[in-house]
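In order, the protein sequences belong to chains A and B.
For the first sequence, the numbering used here gives the first residue as 1023, with consecutive numbering after it.
For the second sequence, the numbering used here gives the first residue as 1023, with consecutive numbering after it.
Keep in mind the hints are simulated off the structure, nothing from the lab.
A portion of the hints provided could be inaccurate.
Each pair may be met inside one copy or between any two copies, as identical chains are not told apart.
Claimed, not checked - As a list, the in silico EDC-like pairs of lysine to aspartate or glutamate whose alpha-carbon atoms are at most 16 Å apart: (1) K1577 - E1609; (2) K1383 - D1581; (3) K1577 - E1386; (4) K1064 - D1518; (5) K1153 - E1068.
As the structure is a prediction and not an experimental result, all values here were calculated from the model.
Protein chains: 2
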Amino acid sequence: MTFTHQSSFDIFILIALIVAALAFLFAAWLFLWVKKQPSENKRIAEVGKLIKDGANTFMRKEYIMLAKFMGLVVLLILLFLPSPVWTGNILDNISMAIACIAGAVFSGVAGIIGMRVATVANMKTAEAAKKGIKPSFLAGFRGGSVMGMAVVGSTLLGVGLVMWITHDPSLLLGFSFGASTLALFAKAGGGIFTKTADLSADLVGKVELGIPEDDPRNPAVIADNVGDNVGDVAGMGADLFDSSIASMAAAMVLGVALDKGVSYLNASMVLCFAAAGLFASIIGVAMARMGKGGPTRALNNSTYVTTGIYSVLITLATWLFKFEWRVWGACIAGLLVGTIVGIASDYYTDDGKKPVRNAAKAAESGPALTILSGLSYGFMSTLIPMIGIAVSALVAYKLVEPLGGIEYGMFGIAMAAVGMLSIVGMIISNDAYGPIVDNARGMAEMGDLGDEVLEITDQLDSAGNTVKAITKGFAIGAAGLTVIALLGAFISEVNDAIATLAEQGVTTSVFGHALERIEGFDLTNPMVFFGLLVGAAVPAVFSAMLMLGVNRNAKRMIDEIHRQFDTIVGLKEGKPGVEPDYTTCIEIATSGALRELLPAGVVSIVITLVVGLIGGVHAIGGFLCGNIVSGLLLALFMSNAGGLWDNAKKFIESGNHGGKGSDAHKAAVIGDTVGDPFKDTAGPSINTQITVISLVSSIASTLFLTLHIF
Amino acid sequence: MTFTHQSSFDIFILIALIVAALAFLFAAWLFLWVKKQPSENKRIAEVGKLIKDGANTFMRKEYIMLAKFMGLVVLLILLFLPSPVWTGNILDNISMAIACIAGAVFSGVAGIIGMRVATVANMKTAEAAKKGIKPSFLAGFRGGSVMGMAVVGSTLLGVGLVMWITHDPSLLLGFSFGASTLALFAKAGGGIFTKTADLSADLVGKVELGIPEDDPRNPAVIADNVGDNVGDVAGMGADLFDSSIASMAAAMVLGVALDKGVSYLNASMVLCFAAAGLFASIIGVAMARMGKGGPTRALNNSTYVTTGIYSVLITLATWLFKFEWRVWGACIAGLLVGTIVGIASDYYTDDGKKPVRNAAKAAESGPALTILSGLSYGFMSTLIPMIGIAVSALVAYKLVEPLGGIEYGMFGIAMAAVGMLSIVGMIISNDAYGPIVDNARGMAEMGDLGDEVLEITDQLDSAGNTVKAITKGFAIGAAGLTVIALLGAFISEVNDAIATLAEQGVTTSVFGHALERIEGFDLTNPMVFFGLLVGAAVPAVFSAMLMLGVNRNAKRMIDEIHRQFDTIVGLKEGKPGVEPDYTTCIEIATSGALRELLPAGVVSIVITLVVGLIGGVHAIGGFLCGNIVSGLLLALFMSNAGGLWDNAKKFIESGNHGGKGSDAHKAAVIGDTVGDPFKDTAGPSINTQITVISLVSSIASTLFLTLHIF
């Protein structure tokens, strides 16, 4: 095939849309399959309904709130972006606004689909466990896969449609911005909800009263399960959805700029590789079965299968369509770094390895040393992934640079991100499996399905936790490469804007600065360094605000749980027929999450705008780098420290250092409680924060160019 | 005065040496004054001797070990730095080695002087408290001032001598490297010692047994007091000593390069301003008296007085010697940012403000929420100081840049650091006051001086804690500006090296790369970005290694304390005549600290060398920036979180949320225990780590230029 005009590109758009449609069809089939599975236990149905209703209520309220917020954002876009409406072309602003709305809607719909299925699949998985571990595994996994397919199908559908209609990759940045912004807040909200409930349930239930996890006497137990759905299913999907779109947007912007309107070679490659990834994921999901190796092996195997098929597909495509082999190499470098980051995360959070063992041992000397060792290993755990991300970016750049210089190098990094994120359909399926089986475990406990069934759900749950470390590492690595690529997209957007302004005769900014093409961001330029320092502080402040939000809500919910245990007669003793008031706890988590989900994200975006309007594009260049570096560092630190505490606790619970109920166990539970908002609220939200900031900078580049003060 | 030749510079060297001599004379007078104060209590003398002997033993062992280590470093310098001995001039390597040794010796001697005085002043302060708070305050403050004067006197003496003998500022980098390296390890060792003892004493004494702090029954209580001296006096002085020399070295390197051998205007300014700062500190210390406002006010007032006098002196000097007013402005900008960082730290650690109050309130819900709120506020606390440092660097740059371009801008930043660090004599005096009165408090308790005296020492101790937050903020801000200036010095060194190599006909590196003048470090250069990511991980790994060291040692010491309480009959009950075995605890802390103090620093230095030898000077440029940014972020986070937990505990102890012995108090003590290694081991050591790394890079610049692989 020769890439001499647009029509060859249109073929790839068509391929992408067809694969997206396949993914949706497959998701529908999976959903029907899950729905068809038997359910008979009344108690489970009851609990399931409570969870479903709680989740739906929260999601509805959250989306109504976010719809209003996005309305405001869209208004601001209409007025100011890509350039103030009184200086530029209003049609540009309208297109950008529409793209942004489309992105937000796609993101929201994918989240809702995944969540709806998860709240059915949890019951089916619990019931299926009566028949054995294999059918139960399949129900959980296929439930999660609906989310995986819906999310990645939406990505490809959205990107395909935007490019088909407009052929303008800048609008893809707007689409990506809409999706990411919704993701940012949905994730923050879900994260606050789930950890408010989890933390409060643990602190009163496990620590104070010594009753087991998921004990139906605990008033917060249903809220905790609702949280798994709204936080881990809907929120987590949003993270990878958002990286995935952003990486494609960055690659498109850079690639099309290099194509220079003559060929669409690079843009075609982006779509082709992404479609290959989704196709590979469909096959991987379809083939997944639990064998003798247990659920963890099954989950990992399906990832390997997907990665293998993907590698074969892109090799074939590169050969067939005469794509550049160097770009193919960059993709493979991206795939590799995902694995490295995952393995490193696994080392620091695996209960067979030294870090978790040492933390569990430290628990014998009380909570302080448990916390200190978790924090220390969390910090240690950042080294290998940081080096891994750095090396893969370097390799991707150096591989592709010879094709035509710096811009090609940046395109190489973007393609590494695309390569890494192509198999995201599989990754999300694995990840969404976690909260579903976690829910199923709770239902098995509450539905009194007996010890045998509980043992099965425990096994499935534990597999979910293990792969979680790897998928989280993957998500952070992916976000890292994506935002580095977005830095390239930002430069490309700025230089485009300068060219456009020059055509209109504008060569200075409003405050009289000459508009000069950006060749890079020099760290010895004090404006760049200024941005670097401020940007580095943002993820710290962002995560602190989310954790303080959890703290505030948890305090309220703990008071409520105490109130119920104190006033509901017979609850503590577990008198038959006495039930706690689950709904009030769900309401506390809901209202608290809604109150806390906006400020942290808004503050981050506002700081970005302030830095850009003060120091212009150079300050923003430094700001983005500072944000990326400290964001990656803190995300890795928090995710791994949290995972380590969680598994140290589980290691003790399985009979070591005195087992359940010992002082070491109490110390470990405190560690786990600190780790919960680390790993499930703040840590993973940072990924989305750095992506949103990068996109804001790109779409506001004209604004920063023309309106900065210094 | 006209700056047309070297002789005018020599006058300023003379002035610097005279002021340094004055400082030493004043220190001697202060020491004799402290020694003259009465002491009669036998028990205090006994305890004092134990502390003194323990501190001396540790310092001796530590310095013997460090002498051997420095021997190795000197050998490596002789072989490789500034350039491999087989390629360059061996005399250069010998000079560099001598400068390095001199720096280490100066640093070591200043530490020993300060520590010796502190272990006398603590007894005198305790005894003086019998006569009232004013004489007691004066004994503590003047004891601390000996350290302040000795350290800053050594700085000026050392810099003056090196410049007098060689007139080569590059050797100043070697001198600074020697001083910083010794400081790095002395600080790490002292920090591990003090927190091993403190943490173990608290965990067993306060948490398990509920006995008061400084209770003589606790076997670790003397080790804890020894730790205050070796960690907080000797170690902390080393930190500011090292920033102080480094800032002058950076300013000298940049200034002399701009002077271009014609005038020595800039170099003269550096010495003149530094001498003015020391002179102002002498007056400030001499005038310090406690008035009606209490000890905190007295400490702060003396800082204000010093700052005021300093401002007047440099204004006069600028007018008299016709220095550039723009450079004067950069100095003032530096002074200001110190204040801003201090105030921000104060807000997050003051028990009258929201953060500490909220953390204390969270303690009612147990240790997990206490930890979470401390971590969250610690992260929040980074924003203002990061912005402050960024803005002051920007202002200093922009003020001085018009004098002649980028190099002048970097010189402006260096002068901001010099301006900030000029009053360091006063800051160290205030800071060393803290551990002395902390010791005195313990002695008053152990010497049974009665409740009235204890109340006085408590007041003095609390003032020490309050100013500590500010001095720590100051130290971090100073390190920040200094390392930014060192980045400039690094570029200057690299370009010097390239020019020298070109004269020798060398225009390519060993691996065939062309040697090109550095104009800056472009963040879109993937090698710079690679360095940035790796550099950012280093402070995290460094602090983790130190904290894990404390963890390991504390575990051993806790076992020993348990053993003593279990086997020494009558100890727990406090039977008269029964004494714990203090010495074994001191030995455990000593041997543990000696084992753990090297690895973290060595790892940091080795990673720097590896990055430089792989990626060359551009990778190092990014590496330094990553290191600075994440170092500042983590140092601020750790110092402030630690200070917040400490004061939340004290707030509860003063009768809030249930007071001493309540569950909230227990939770707060756990928070404080986590905070101890944060704020006194890892946090402040990061300052020194980033300085050492910056200096290593500068003195190894020729090596990195000629030997890098990619």
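Identical-chain pair category, K1577 with E1386, by Cα at 16 Å: between (27 Å within a copy, 9 Å between copies)
Same-copy or cross-copy closeness of K1153 to E1068 [CA-CA at most 16 Å]: This pair counts as neither: shortest intra-copy Cα distance 21 Å, inter-copy 75 Å.
Homo-oligomer pair classification [D1518, K1064; C-alpha up to 16 Å]: Neither. Shortest intra-copy (62 Å) and inter-copy (81 Å) distances fail the 16 Å Cα cut-off.
Within, between, both or neither: K1383, D1581 at alpha-carbon 16 Å: between (32 Å within a copy, 13 Å between copies)
Copy assignment of K1577 with E1609, given that the CA separation must stay at most 16 Å: Only inside one copy: K1577 and E1609 sit 14 Å apart there, 44 Å across copies, limit 16 Å.
Comparing the model with each numbered hint stated earlier shows that hints 4 and 5 do not hold.
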